[in-house]
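As you go down the protein sequences, you meet chains A and B in turn.
So the first sequence is numbered by the numbering used here: it starts at 10 and just counts up by one.
So the second sequence is numbered by the numbering used here: it starts at 5 and just counts up by one.
Some hints could be false.
Stated by the list, open to error - Here are the computed lysine-lysine pairs in the PhoX-like style, where the Cα-Cα straight-line distance is at most 25 Å:
#1 A:LYS258 with A:LYS242
#2 B:LYS488 with A:LYS371
#3 A:LYS70 with A:LYS60
#4 A:LYS59 with B:LYS43
#5 A:LYS466 with A:LYS397
#6 B:LYS482 with A:LYS443
#7 A:LYS70 with B:LYS488
Claimed, not checked - To give an idea of the interface, some chain B residues facing chain A are shown, with a C-beta separation under 7 Å as derived from the structure:
#8 ASN90
#9 GLN118
#10 ALA387
Hint data in this document are derived by calculation from the structure and do not stem from the laboratory.
Where is the CB? At the ideal position from N, CA and C, for every residue including glycine.
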Amino acid sequence: MSRLEKEWLPHLEDSIPDEVNGDKLSMYSIALEGWRRGLTTKFYNTKYGKKYEINYSLSNKEKELKFAVSKGPNVSKEAMKICKNKVLTKEYLSEANVSVPKGRNFNKNHPNEEIIEYAKTLGFPVVIKPVGANLGKGVIPNINNIKEFKTSLIQVRDVLGYRDIIVEQHIFGEEYRVYVVNDMVIGAINRLPANVIGDGKSTINQLIRKKNYERKQNPNLRGRSIKIDTEVKKNIKQANYTLDSILKKDELLYLRQNSNVSTGGEPIDVTGLLTEEMKELAVNACRAVPGLSQAGVDILFDINRNHGVVIELNTRPGIGSHLFPVKGQARDIPKAVIDYYFPETIDYDRKTHKNKIFYDYKAITELLSSGIAQEVVLPDCPQYDMVKKRYTVSGQVQKVGYRRWVQRMALNNRLIGTVENLDDGTVLIHVAGKESDIDNFHSTLNIDKPKRAKVDKVVEEADNRPISAIGFEIITKKKEASVSLKKTDRKAITKYENEIQELKKQRREIEKKHNNILQSNWWKYTTKVKQLIKK
Amino acid sequence: MEEDKQWLPHLSSKFVSDAHGHLLDAYAVALEGWRRGLKLRWHVKDSEKFKEMTTWFVDKPGQLFSLSSADKTHYFFRTRGDLVTNEAVAIGRDKEKTKEVLSKAGIPIPEGKQFTEDVADEEIINYANALGYPVVVKPTDGSFGRGVIANITSSGELAFSLEYVRSDLGFKDVIVERFVSGDDYRIYVVDDAVVGAIKRIPANITGDGMNSIKALIELKNEERSLNPRLVSCPIEINQELADFIGRKGYTVDTVLEQGEQLILSSKSNISLGGDPVDVLDELPEQVKTNAVNAIKAVPGLIHAAVDIMYDENDSSNPAGVVLEINPTAQLGGILYPVKGESRDVPAAIIDYYFPETKDIIENKGKVYFDLHDVLDPLNSRQAFITTVTPPPKGKIIAKKYIVSGEVQDIGYHRGLRKQAFERYLHGFVSNLEDGDIEVVVAGTDEEMVNDFRNALLEDPERSHVLDIQEEVYDEPIKVGFDIKADLKTQLEEMKIILQEMEVTELALKKAEVQNRKFEQSLSWRISKPIRVAGALLKKIR
């Protein structure tokens, strides 16, 4: 199907661990780009607003630069403040002659009646947006008449509780998210609202499920499935369907009005389709705000009239949609960001990317989000072509401390990889590193071993598995790890505890018996012999 | 009787239960600095300044850390900080050099000489004859008392000892010294003050009229296992021990009379089963001065342990004789003596490196961190440096909630952890037997702590909360938020229990075997003492 025509970045596609999805992609992939270029990479907990979150820093010998999501340190605090406030944003944009939709901001003291009067002067269609809300929460677009407007107003202000709102002209046209770094357009996506396309056989319900399955295959969309909520049901109803209706082949049904990726929207790369005017609009918007050296610019553009407006400026935009579009070509935002902040690394040899090595995101973030560590620094990324080998070791090599020993030997030789016990009693080792280090490691396997192990044979093979995370991990068997939880285990533990008590009792009894013998006559007799000898 | 000891409450076994061996020393010093608000980072080897510092056996993380204030950073290898120079460390590691430096400064040392591989035993014996007996033989580069033979009283015995140390054990380079009688003291000096002193008593047991020596040793080891320092140093029943008690005509099966104390070794090393006893208050001033002077004699040595042999009846050495200087000393014996008071050497060390933090005692016994969790990514080299979350500053407010309903979903618990993380709260969630959970949160922002009650109710998809009981909580707080009922913890618990079971089973088997021996072989039993005596006679000749 043409809808699935997409081209992702080869150095990223296979380097995204399962735990990295959605929002996490931005931090993960920009840190990865910097790390692969040899920058020192640190993750740390810090306060953002009132809450704590994980940020990261990249440094070379001269400087340490701090990042949050995809935002680097050159975005000033002032710029952040301006962009967070839609009213301020508009002021700055208008001042610089960047077109924005006409509209006005109302605070909690304005009665609904006054707002309704204003909407009339603006002319329909209009849009209502809460001030300071994120991710499109509470936005109601395309309001066509007074009646609709009144209902929507009550919904946003009284039901959802966003008292401060903006009422604006609803501008027709396509919405684009344009990623700008240092006055250059790096990528642009257009988002389709959550939708399904009929195949002439499946019900809408089935089509949504299929769509959600597809979304799971996309690192950016997994965990962001289409939920069948009131809005979705309303849209289906408006199209005169139910969840059980079967759509005709190729019939497109939109399930929502808004196109937010988090609620089912689909990002499509449109960088190649941008006109010069569109690019100019986005870049000028960034220039209009002092200290806004990078941003995700949301524009509405009517191609037919070749005119558009800027709706919003995002200082901490996620970049997952640019990296993993549903359609079109992925754009390398991480490269642009690192090029900008560390220009001396622009010439970095992309060939080393063929190692496709990445760091263990889970180990790092688990430790940070458990609140135990405040900062974690990654090991340096190996900057050489890696050789990969696998070894199968047979003999008495399980339950004798062999895996731990292998880990130590591998780390001593600066190798990365994994070691695991196989069901047939052998141990499987995957290693990657410098050829000479691997040779050393191999000979160690052949001549040495932990005390209790007995090695019969070490078989070496070339390994074509992609190198995964850094470090050397002992893989515990799935069986070991997936023991079902809680009550069963608690029971087992209680059982073992009882057994220990029983064994201890037995031991005490035997010792008592032992002591009785010691006090017997025989014993006393020999003691005397002993004393005689002593003299 | 054993309760005549007093340990530091802020370093009680609860806090250090995870830190064994050398990790204990590093953890005690790191914890002190961290509790004072210094930034604590754990490093893998060769990271930052550790490239230049002299260290050893540091493949395993947990021994290298750094502490930073706003304007400076100091690096530590176990208990030794970077103000101790590599040159000083080199002197401490080389016994001959130590003696040379000390002797130049007029510090009393045992007279003696070092002999290299090419010197024949005869020549060494001649030297000893001139020096006069008793003498002691020790390997030039030994440690933990390996290959040390003390109180050699004749040239015959020396010949035998040299044969044993140089040929059997393979320590070709040896030192022969005049044997100094007395007790073995370890004195810790920081700058020009003695901050801790212990006497080390060789492994010993006291009879009860019922148990055999072997059983008494096992009992003693059980007692040692409750001491954070001694848990890794049980008294080993081996040939050396059998030989030693054999000289007194005992075997491991001898039953000691009630109250009879038996020394089991000539060596007082704690690692060989010795007992540390605090003597800081009663140690004579001149011995302390001797220790301080010894440290001063070594250029670049700011803090270290000094081993002194001191005999109050020996008037020729009123200040004792310095045997060794250890710049990377273990502190466990001073922190966890079997008798007396434990002395806060970690505090003294941090006082020296960060004097501006001297008066910070807030929350000292109330906060700690999980060493293993922090070291985990370093162990697998997934990270190079981890920084421990700083302890809460200010008055800690803690609450315990007992939450009932459907509340044991691991997803719910992970959600609670996220809520705690975002609010910067510490604590844990733990499953209870009856299906409830126990949730503890602690922090310095009272509003956040109280607000957490709402967080308990915020996840109706993965929980169904019926009731929340609130209680006060005043146990020490581990930083971070721990999900105690998770897979990892349960498997770990299981592993520990299984290990314990294996140990018990083994002990059981041994006891059975022992029993059988008694029942089956009476004649063997009678003849044994005679055999031992015969062997001894051979040796004496």
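Tested hints:
1. Distance check on the hinted pair: A:LYS258 and A:LYS242 sit about 21 Å apart at the alpha-carbon level, within 25 Å; holds.
2. A hinted pair counts as satisfied when its Cα atoms are at most 25 Å apart, and B:LYS488 with A:LYS371 qualifies at roughly 19 Å.
3. Pair hint A:LYS70 plus A:LYS60 does not hold up; C-alpha atoms about 31 Å apart against a cutoff of 25 Å.
4. Distance check on the hinted pair: A:LYS59 and B:LYS43 sit about 23 Å apart at the alpha-carbon level, within 25 Å; holds.
5. About 20 Å separates the Cα atoms of A:LYS466 and A:LYS397, which keeps this hinted pair within 25 Å; it holds.
6. Restraint check for B:LYS482 and A:LYS443: the C-alpha separation of about 41 Å exceeds 25 Å, so the hint is violated.
7. Distance hint between A:LYS70 and B:LYS488 is unfulfilled; the C-alpha atoms sit about 41 Å from each other, more than 25 Å.
8. Below 7 Å, beta-carbon pairs count as interface contacts, and B:ASN90 has none with chain A, the closest being about 23 Å; its hint is therefore violated.
9. The beta carbon of B:GLN118 is not positioned within 7 Å of any beta carbon in chain A (closest approach about 33 Å), and the interface hint is therefore violated.
10. At a threshold of 7 Å, the smallest CB-CB gap from B:ALA387 to chain A is about 5 Å, leaving the interface hint in force.
Figure legend: structure checked against the earlier numbered hints; hints not met, in rising order: 3, 6, 7, 8, 9.
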